[in-house]
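Visitor: This is what each chain is made of:
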Amino acid sequence: MSLGRWSVPVVGRTAHGPGVVELEVEAPALAASIRPGQFVMLFPETPGAPYLGRPMSYFRRSEETMSVLFRVVGAGTRHLAALVRGDRLSALGPLGQPFPDPEPGEVCLVGGGVGVPPLYDWARTLREQGHGVTVLLGARSADQLLGEAAFSPIAAQLLVATDDGSRGHHGPVTSLLPASTATVYACGPSAMLKAVQEWARGRAAPAYLTLEARMACGFGACLGCTVAAANPDPAKGDYGRYVRVCTDGPTFAAGAVLL
Amino acid sequence: MSLGRWSVPVVGRTAHGPGVVELEVEAPALAASIRPGQFVMLFPETPGAPYLGRPMSYFRRSEETMSVLFRVVGAGTRHLAALVRGDRLSALGPLGQPFPDPEPGEVCLVGGGVGVPPLYDWARTLREQGHGVTVLLGARSADQLLGEAAFSPIAAQLLVATDDGSRGHHGPVTSLLPASTATVYACGPSAMLKAVQEWARGRAAPAYLTLEARMACGFGACLGCTVAAANPDPAKGDYGRYVRVCTDGPTFAAGAVLL
Amino acid sequence: MSQLATRVGGLQLKNPVLVASGTFGYGREFAPLFDLSRLGGIMVKGVSLEPWSGNPGVRLAETDSGLLNAIGLQNPGLRHFLDEDWPWLRQFGTPVVVNMVGHSVEEYVAVAQAVSDAGVAAIELNVSCPNIEDGLVFGTDQTALAGLVASVRRVTALPLIVKLSPNTTGPLPYARAAVEAGADALSLINTVLGMAIDSVSRRPVLGNVTGGLSGPAIRPIALRYVWEVASTLAVDVIGMGGIASAQDGLTFLEAGAAAVAVGSALFRDPWAAVRLVDELPAELAGFGYPSVQAAIGAARGERRRGGGSA
Amino acid sequence: MSQLATRVGGLQLKNPVLVASGTFGYGREFAPLFDLSRLGGIMVKGVSLEPWSGNPGVRLAETDSGLLNAIGLQNPGLRHFLDEDWPWLRQFGTPVVVNMVGHSVEEYVAVAQAVSDAGVAAIELNVSCPNIEDGLVFGTDQTALAGLVASVRRVTALPLIVKLSPNTTGPLPYARAAVEAGADALSLINTVLGMAIDSVSRRPVLGNVTGGLSGPAIRPIALRYVWEVASTLAVDVIGMGGIASAQDGLTFLEAGAAAVAVGSALFRDPWAAVRLVDELPAELAGFGYPSVQAAIGAARGERRRGGGSA
Ligand SMILES: Cc1cc2nc3c(=O)[nH]c(=O)nc-3n(C[C@H](O)[C@H](O)[C@H](O)COP(=O)(O)OP(=O)(O)OC[C@H]3O[C@@H](n4cnc5c(N)ncnc54)[C@H](O)[C@@H]3O)c2cc1C
Ligand SMILES: Cc1cc2nc3c(=O)[nH]c(=O)nc-3n(C[C@H](O)[C@H](O)[C@H](O)COP(=O)(O)OP(=O)(O)OC[C@H]3O[C@@H](n4cnc5c(N)ncnc54)[C@H](O)[C@@H]3O)c2cc1C
Ligand SMILES: Cc1cc2nc3c(=O)[nH]c(=O)nc-3n(C[C@H](O)[C@H](O)[C@H](O)COP(=O)(O)O)c2cc1C
Ligand SMILES: Cc1cc2nc3c(=O)[nH]c(=O)nc-3n(C[C@H](O)[C@H](O)[C@H](O)COP(=O)(O)O)c2cc1C
Ligand code: FES
Ligand code: FES
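Chains as they are written, first to last, in the numbering used here: chain A, 1 to 259; chain B, 1001 to 1259; chain C, 2001 to 2310; chain D, 3001 to 3310.
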């Protein structure tokens, strides 16, 4: 389905640890059309809400609803977090490219911090398609870890790492990356993505990185969300050196972007 | 009581004809301290609400609540009118000078359009103090007429005029002004106030006009709400030729301002 | 003229609603959403002689009722525009105004010449670029501005629109200089210089430190520029700056603009410009204007152009 | 220096929070609401030699995140200020900065001389007034500005603050001219010219047609002015423009302001400035600044003044 903009009601709100909120909205058209890897721009309809929307990957969806899972970091997420059941927000979506299909065989998903939620529905889909899915989850500490319960019934293997060692492996989640031919999808803070990019260099199997950037539009019009392309292709509209995270991404082949 | 600023909940909302709304808020401190002739600045706490507050006279009050009665004319009143029970708004008040006391004896209140609500609690108070109160109400047409039911139990005499003759006297409400020695209080559109001012010229008994002006602060700081003074008194802070509607008024002796 | 038709600097438009340069790309992102021929005109992202890669680092910052951008005029260059975008874009039949940017008079002239030959509807000069020779921004130096406009004038017969910078004491000296040098119309306004500091890193948000402010925050500034020019000079004006609704659009027409452009509002709602087109007739009627022409300049209490028909 | 103390152009302040001229009158409206001595300083409404009556007609218009005013500098004049306001205001012990306006160099000089004799804390020149001789606004003409500042400098030993207009290409030439002519500090910024059209009457709202834009809408513009001056010239800056909270105030300090002023925010909430004073210590601590001095200019990645103590 093509892009739409809707005012939708909040039908659920759950805290997932300190400063992390899952917000569920009733949005059947969006839920039916959005694909793993895509995102929405959200506009809380509350007083003093910011001028621009906030990009959010979706976390889970049902027939009628879709949810986002996010950490409160500034004004926009504060407004989103303050919404309660019955409040409305506007959503523009679906936006961005879905995750590219993996090679046949094993898949490894690597999520750090609030990079975890976008991977959940992808794990579910891959599993349905018969892929074996390894999931690596990272966080600063145990109380910041997201998604362990959600992923455990899906993942063939689920490994956890924390920076402070308070849960799972003590160290960066990227130190758990397997020496396999799995197709890798990584989403998380930029230090983590850089480590995956480094690790994937020269590797035969594909690795994909899902990036974040500040966005004004989310659909390719403003050129505000760019990242430097390793090999820009002007014929494909890669204007100069930069590609757009919103429409060319947010997921890129690990070798395609300069982080 | 001195000026305060509160976030208060809406506890009642009633339509009084097309585009006219009474909004009741729970605001015990305000309700206890505000005096007839005074007003509040209202800040609806809704998305996209205007930057500045909107000045509103109060209409009625109880121990716990206070209400305003207003016509929707632009963005601010549209936001106020969209509030429902349970929504909150911020209120700054009480503001302005109360109505000055009348001479002993008869009092005549003249209200036009949304100039009617500020007079209601004053009529009640005057009646309690033993004054005989004549009330003259004007409107463009019968369906725009406000306050007839509220005033009728209080007024010794209640006369109505409409511009189109659809109710009461056919013509301006000012043509009903009595040839008595009553103290007159007039509140309404500027054409009405000008007519009262003209009529009061040379009259021995006092006449007072309650003015409106665009306001930024409502408490005398911005000098944005001025009206030309007939006899400015620099010693009293009448800066130059202009006086402030918000703090020097909103009610002025009919001869004190140039309309 | 029909109810919505208008004319700016000799350019005939079926309705007065354009989309502002840099907020609509070359139309590709919007074509799946609505029929581009519903727009009065399309002002494409600034085109330079060679591809420009734009600014590194963060390019966007949000402010109260506004948006700062430091895109740095990223664009794929003249060749790409002529080979890829223009052939695709012309299919819609909507007048295309080519916004152009350059580091020197020669670059502007080369682009102007090439797009004139290609048959676009009009040229818009973005003069908020620094001249590489002396570092001065063309649009804030009257002599440089006049020189640039005159040079471009010599190589094109297309309607020539000059887009003025609001980072000046006022529009009049620059507007006069542009008109005397041959501009047919003026676009008012480009973005206002500003900056923001990040609430977490406590450093400037933008990679370029400063950026251009757009959105509702600058609407009163834009309105002042439109009003001053339209009530002083005999030149057509395209008004822009925070326009999001038919009400906003009408206000700019009444201030004296002959057409308006929707910019940043498209980022919040990609349908904002076509909604404005759809809602304009009712907005005009609501205030008793039989036509767009009747509304132009009406806030001055005069009707600049003939009533409902012309 | 204590945690909140600061110094601007030789003026010692116990905290960096002032109230902006024209938004606080002469303090009388606020004195019943809070103890005026809690403020770092008070910049009073512009004082002219003779009383000015201000503009007729509507003086206010609201815009998105902002406010247009065309008060026209109504004030009761020097005599009234000295006889009535100053004796009352000085009781609070808060440094009083006298903002002054004039139609000619002579008028400014006369007011400066008189208030210097009276013992106020500092002088702030509002240079956004037109010179009656040639109609040029002092603040947008470098020569006129330098002449005015030099003339006032000659008659006062008080800290001399010049308040620049943002209706220019940028602050630097004007800031340099003011400093070279003897200014001790700069206030940045005054209001931005703008206008509004009434949604009902369809005519300009303001009696004066144009007015000065203030409030959050102009915050990014103000921040750019502060940043450019503070990172280029060795002069103290008082930042103002849309400041409403401790977060806003800290941002201006980090951009390089040595003090800040709260203006239009007082109209929405008369306690906004004292709330800023109260909340500033936590805001500083939240970002690891031991003192106001440590925050000044920190967004440039350098600490302009010594750390926590000085
Ligand atoms: C495609 C996409 C999908 C996303 N999905 C999720 C998600 O599922 N869950 C989640 O918690 N977050 C997600 N984010 C990040 C989220 O959009 C930002 O956290 C949010 O926009 C911050 O808004 P704010 O107003 O709260 O913070 P602001 O006040 O705007 O900023 C606070 C701090 O965060 C930084 N920041 C703001 N926006 C971004 C950004 N887009 N990228 C990097 N840093 C930023 C700022 O520099 C600043 O330091 C996603 C971002 C993108 C681009
Ligand atoms: C002391 C005082 C008491 C008031 N009490 C009441 C009341 O009890 N009931 C009521 O309905 N209204 C009252 N008003 C008027 C009310 O404040 C305005 O209608 C309101 O501010 C309009 O806001 P808006 O955003 O809806 O309209 P805007 O969009 O601001 O303006 C719409 C139209 O109304 C005009 N307008 C706006 N504000 C004013 C104003 N203050 N005076 C005159 N014209 C104005 C504008 O010029 C414009 O044409 C009072 C005003 C004052 C000053
Ligand atoms: C992201 C962005 C990119 C822009 N790029 C250009 C450009 O390439 N050329 C130009 O003349 N103006 C450019 N502008 C300015 C707009 O065309 C417009 O003049 C300005 O944004 C004010 O309108 P608005 O408030 O409706 O956005 C750009 C504006 C934005 C927000
Ligand atoms: C109603 C009003 C009156 C003002 N009067 C003056 C004045 O007399 N002298 C002056 O230098 N600045 C005056 N200003 C400008 C303010 O001091 C301040 O520079 C400007 O409003 C920006 O700050 P703000 O956005 O916090 O209001 C006035 C501003 C407003 C809103
Ligand atoms: S956010 Fe506008 S192009 Fe990506
Ligand atoms: S509204 Fe500010 S002085 Fe009256």
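Don't take every hint at face value.
Stated by the list, open to error - Per the computed footprint, the stretches of chain C lying under chain A, defined by three or more beta-carbons under 8 Å from a beta-carbon of chain A, are: (1) 2022-2030; (2) 2112-2119; (3) 2143-2155.
What the hints assert, rightly or not - Only part of the chain B face toward chain D is listed, based on derived beta-carbon distances under 8 Å: (4) Leu1052; (5) Val1084; (6) Trp1199; (7) Arg1201; (8) Ala1205.
These aren't lab readings, by the way, just hints derived from the structure by calculation. None of the values given here were measured: they were computed from a predicted structure. Each residue gets a CB set at the ideal place from its N, CA and C atoms; glycine is no exception.
Visitor: If a hint holds in the structure, say so; if it doesn't, say that too.
Guide: Outcome of the hint check:
| no. | hint | in the structure |
| --- | --- | --- |
| 1 | 2022-2030 | holds (count 7) |
| 2 | 2112-2119 | violated (count 0) |
| 3 | 2143-2155 | violated (count 0) |
| 4 | Leu1052 | holds (5 Å) |
| 5 | Val1084 | violated (24 Å) |
| 6 | Trp1199 | violated (25 Å) |
| 7 | Arg1201 | violated (22 Å) |
| 8 | Ala1205 | violated (31 Å) |
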